[in-house]
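So the chains spell out like this:
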Amino acid sequence: MRTFLKSAAIIVVVLATFGFLAFLYYIPPFLTTAPETFGKLMADAAPAVTDIADPGERAIAERGRYIVMTTGCNGCHSVVGSQGPDLSLYLGGGGIKIQTPHATFVSRNLTPDKETGLGRRTDDEVKRVLRSGTFSDGHVVEGTVMPWPLFSNWTEEDRHAVVVYLRHLKPIHHVTPEPVRGRAITIPGAIEQDYGGKDYGTSKAEHR
Amino acid sequence: MKGRVRYGCVAAVAVLVAVAFSQLSARVDAQPRGKNVYDAHCVECHGESGRGDGSSAAYLTPHPRDFTTAKYKIRSTESGSVPTDGDLTQSVRQGLYGTAMPAWDRILSDAEIADVVAYIKGLSPQFATAPQPVTVGAGIPSSPESIARGQQVYDKLQCGKCHGSDGRGTGAVATTFEDEWKQPLRAADLTEPWTFHGGATARDVYLRFRTGMAGTPMPSFADAASDSEMWDLSNYVVSMARKPVWSMNADEIKTFYGAQTADAKANPVKRGAYLVETLGCVVCHSPVDDQKRMLPGLKLAGGMLMRIVPFGDYPTGNLTSDKATGLGNWSDEEIKRAITKGLLRDGTRLLPFPMDYASYSTMTADDLSAVVAYLRSLPPVTNKVPAPRRTFLPVYLWGKFKMLILGQDPPTVVFPGNAGLTGGR
Numbered sequence: 001m002r003t004f005l006k007s008a009a010i011i012v013v014v015l016a017t018f019g020f021l022a023f024l025y026y027i028p029p030f031l032t033t034a035p036e037t038f039g040k041l042m043a044d045a046a047p048a049v050t051d052i053a054d055p056g057e058r059a060i061a062e063r064g065r066y067i068v069m070t071t072g073c074n075g076c077h078s079v080v081g082s083q084g085p086d087l088s089l090y091l092g093g094g095g096i097k098i099q100t101p102h103a104t105f106v107s108r109n110l111t112p113d114k115e116t117g118l119g120r121r122t123d124d125e126v127k128r129v130l131r132s133g134t135f136s137d138g139h140v141v142e143g144t145v146m147p148w149p150l151f152s153n154w155t156e157e158d159r160h161a162v163v164v165y166l167r168h169l170k171p172i173h174h175v176t177p178e179p180v181r182g183r184a185i186t187i188p189g190a191i192e193q194d195y196g197g198k199d200y201g202t203s204k205a206e207h208r
Numbered sequence: 001m002k003g004r005v006r007y008g009c010v011a012a013v014a015v016l017v018a019v020a021f022s023q024l025s026a027r028v029d030a031q032p033r034g035k036n037v038y039d040a041h042c043v044e045c046h047g048e049s050g051r052g053d054g055s056s057a058a059y060l061t062p063h064p065r066d067f068t069t070a071k072y073k074i075r076s077t078e079s080g081s082v083p084t085d086g087d088l089t090q091s092v093r094q095g096l097y098g099t100a101m102p103a104w105d106r107i108l109s110d111a112e113i114a115d116v117v118a119y120i121k122g123l124s125p126q127f128a129t130a131p132q133p134v135t136v137g138a139g140i141p142s143s144p145e146s147i148a149r150g151q152q153v154y155d156k157l158q159c160g161k162c163h164g165s166d167g168r169g170t171g172a173v174a175t176t177f178e179d180e181w182k183q184p185l186r187a188a189d190l191t192e193p194w195t196f197h198g199g200a201t202a203r204d205v206y207l208r209f210r211t212g213m214a215g216t217p218m219p220s221f222a223d224a225a226s227d228s229e230m231w232d233l234s235n236y237v238v239s240m241a242r243k244p245v246w247s248m249n250a251d252e253i254k255t256f257y258g259a260q261t262a263d264a265k266a267n268p269v270k271r272g273a274y275l276v277e278t279l280g281c282v283v284c285h286s287p288v289d290d291q292k293r294m295l296p297g298l299k300l301a302g303g304m305l306m307r308i309v310p311f312g313d314y315p316t317g318n319l320t321s322d323k324a325t326g327l328g329n330w331s332d333e334e335i336k337r338a339i340t341k342g343l344l345r346d347g348t349r350l351l352p353f354p355m356d357y358a359s360y361s362t363m364t365a366d367d368l369s370a371v372v373a374y375l376r377s378l379p380p381v382t383n384k385v386p387a388p389r390r391t392f393l394p395v396y397l398w399g400k401f402k403m404l405i406l407g408q409d410p411p412t413v414v415f416p417g418n419a420g421l422t423g424g425r
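Residue numbers (my numbering), protein chains in the order written: chain A, 1 to 208; chain B, 1 to 425.
Calculated from the structure, these hints are not laboratory results.
Keep in mind that the hints are not guaranteed to be accurate.
Said to hold, decoys possible - When the alpha-carbon atoms are kept at most 35 Å apart in a straight line, the in silico DSBU-like pairs for lysine-lysine are as follows:
id : chain 1 : residue 1 : chain 2 : residue 2
1  : B       : LYS254    : A       : LYS40
2  : B       : LYS254    : A       : LYS170
3  : B       : LYS299    : A       : LYS127
4  : B       : LYS270    : B       : LYS336
5  : B       : LYS402    : A       : LYS6
6  : B       : LYS402    : A       : LYS127
7  : A       : LYS114    : B       : LYS243
8  : B       : LYS182    : A       : LYS40
9  : A       : LYS170    : B       : LYS323
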């Protein structure tokens with residue numbers, strides 16, 4: 001009787017272990033949330049523009065929202081955990097660290113926060129980055145780090161809509177580390193992207 | 001007396017030599033200084049050698065200028081001539097509207113701009129010949145009469161063949177163009193002056209007719225039209241401008257977006273091309289060389305390697321319509337499922353990044369169909385992409401366990417290069 005119980009217990013443990021391994025093997029990678037619902041989470045994370053009183057501006061911001069959402073800006077510019085994007089930090093930056101052979105970048109804060117986000121930049125400056133990858137200090141970011149060459153193909157009117165939408169986000173005080181750059185010229189080598197689940201920024205200004 | 005003359009001569013010669021030498025050394029110095037400016041700001045698009053082949057170049061429309069051929073669109077010089085220093089300086093200072101070239105006047109000093117212009121000129125032997133500037137007269141002030149005459153010139157010169165009867169391409173005979181470097185090109189939409197590369201004043205437009213845009217199908221009309229005809233035409237083109245969306249009122253915006261949506265529905269391939277060019281598909285689904293430059297002839301043919309640590313190697317797929325190696329045998333539904341759910345035809349599940357299917361799943365049904373329609377229209381390119389290779393099973397399972405159960409250690413995506421190319425060109 002005792003031997004029977006023992007073997008039964010062993011069988012159960014072995015089965016459970018195999019079952020668990022099979023579960024790990026077959027579930028979709030990374031997410032405990034089904035990919036189908038993940039898309040909806042992304043859409044819900046993008047704040048609606050219904051609070052904009054002016055109907056014209058609302059229509060433009062709505063267009064901008066659609067572009068920001070479908071393009072997946074928050075894939076890099078939000079902190080995304082295993083349950084989906086962190087709503088409290090939507091487009092607040094710090095979601096990804098990218099290492100190239102000569103530089104390190106952390107995604108920036110795109111919210112209108114005046115100290116840590118795009119509140120510091122004029123519309124023209126934001127559009128210039130989206131059109132030319134060129135920052136006000138003259139640095140040109142590699143297209144392989146931030147895919148601005150694709151956003152350069154937006155019509156100027158769509159680019160305008162994106163900026164109008166970004167201006168309507170909730171300002172989030174969230175400091176992201178400045179890029180560390182070496183040589184400016186593109187040199188061969190692998191590019192590494194460290195993703196999600198982790199906030200590379202900080203909500204306090206002390207690290208600046 | 002004689003001595004004084006002699007001394008005078010010697011002094012004059014010395015002054016001349018000194019002036020000549022300082023001129024020469026200024027030119028000699030400007031070039032290395034210009035190279036520093038160039039290396040810091042221009043390389044990403046124009047390439048280290050100035051051939052317009054930087055790592056971002058192939059994704060941009062229009063492509064960045066190739067400085068080694070000295071062919072410039074924005075000039076105030078005769079057809080076939082190199083541009084003046086003033087032309088080049090203006091393009092650097094104010095940028096080229098409707099392109100990725102930004103205005104550098106807020107970023108670079110006048111001296112730096114002069115240095116980089118000198119450097120760029122040094123990249124082509126053509127600049128040994130002096131530019132032949134055109135003389136631009138006072139022009140004809142715009143008036144309803146001048147605009148009406150300009151419209152007749154527009155018809156007479158058959159501008160509508162490329163630009164359409166309305167300047168927006170409606171009824172155009174030629175719709176696809178290539179420049180001299182075999183790069184795709186669009187005829188300018190004449191109702192959108194904010195996209196006129198060299199500016200949108202009547203004088204700017206006049207100069208484009210008068211001098212032509214080198215390297216493109218836009219010729220010089222200096223021989224085909226009189227000076228006053230070209231000024232009338234310029235006034236007409238300037239008068240074609242429509243309101244940009246940022247100047248419209250609410251009703252106009254509604255009408256404008258409505259018309260855009262209708263146009264997208266009527267021309268799904270065109271809309272799909274815009275989406276694929278802007279969503280990010282091209283960046284990962286086109287293989288690159290060791291300088292991160294897209295390999296010619298392999299746009300969207302897949303094969304860039306995504307090493308997702310610790311899960312395995314996932315090469316990007318061939319999105320062209322090739323039956324054996326691309327999407328040729330996929331059904332529309334299968335393509336849509338891959339784009340929105342990350343589920344491949346053989347049942348492989350993709351990670352939610354770098355292929356951001358969660359975001360793509362928020363596209364409207366029409367836009368999703370447009371993307372599929374565009375991918376179907378791509379000419380087939382044979383490029384067999386290796387199958388995804390999972391890491392050693394225990395490593396794979398441990399990685400998942402850490403990520404899903406312990407909720408730590410997010411994956412790292414590494415782009416070491418290509419997955420191995422087997423076709424193309």
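Hints, one by one, checked against the model:
| no. | hint | verdict |
| --- | --- | --- |
| 1 | B/LYS254 to A/LYS40 | 26 Å, holds |
| 2 | B/LYS254 to A/LYS170 | 26 Å, holds |
| 3 | B/LYS299 to A/LYS127 | 26 Å, holds |
| 4 | B/LYS270 to B/LYS336 | 18 Å, holds |
| 5 | B/LYS402 to A/LYS6 | 31 Å, holds |
| 6 | B/LYS402 to A/LYS127 | 40 Å, violated |
| 7 | A/LYS114 to B/LYS243 | 31 Å, holds |
| 8 | B/LYS182 to A/LYS40 | 42 Å, violated |
| 9 | A/LYS170 to B/LYS323 | 47 Å, violated |
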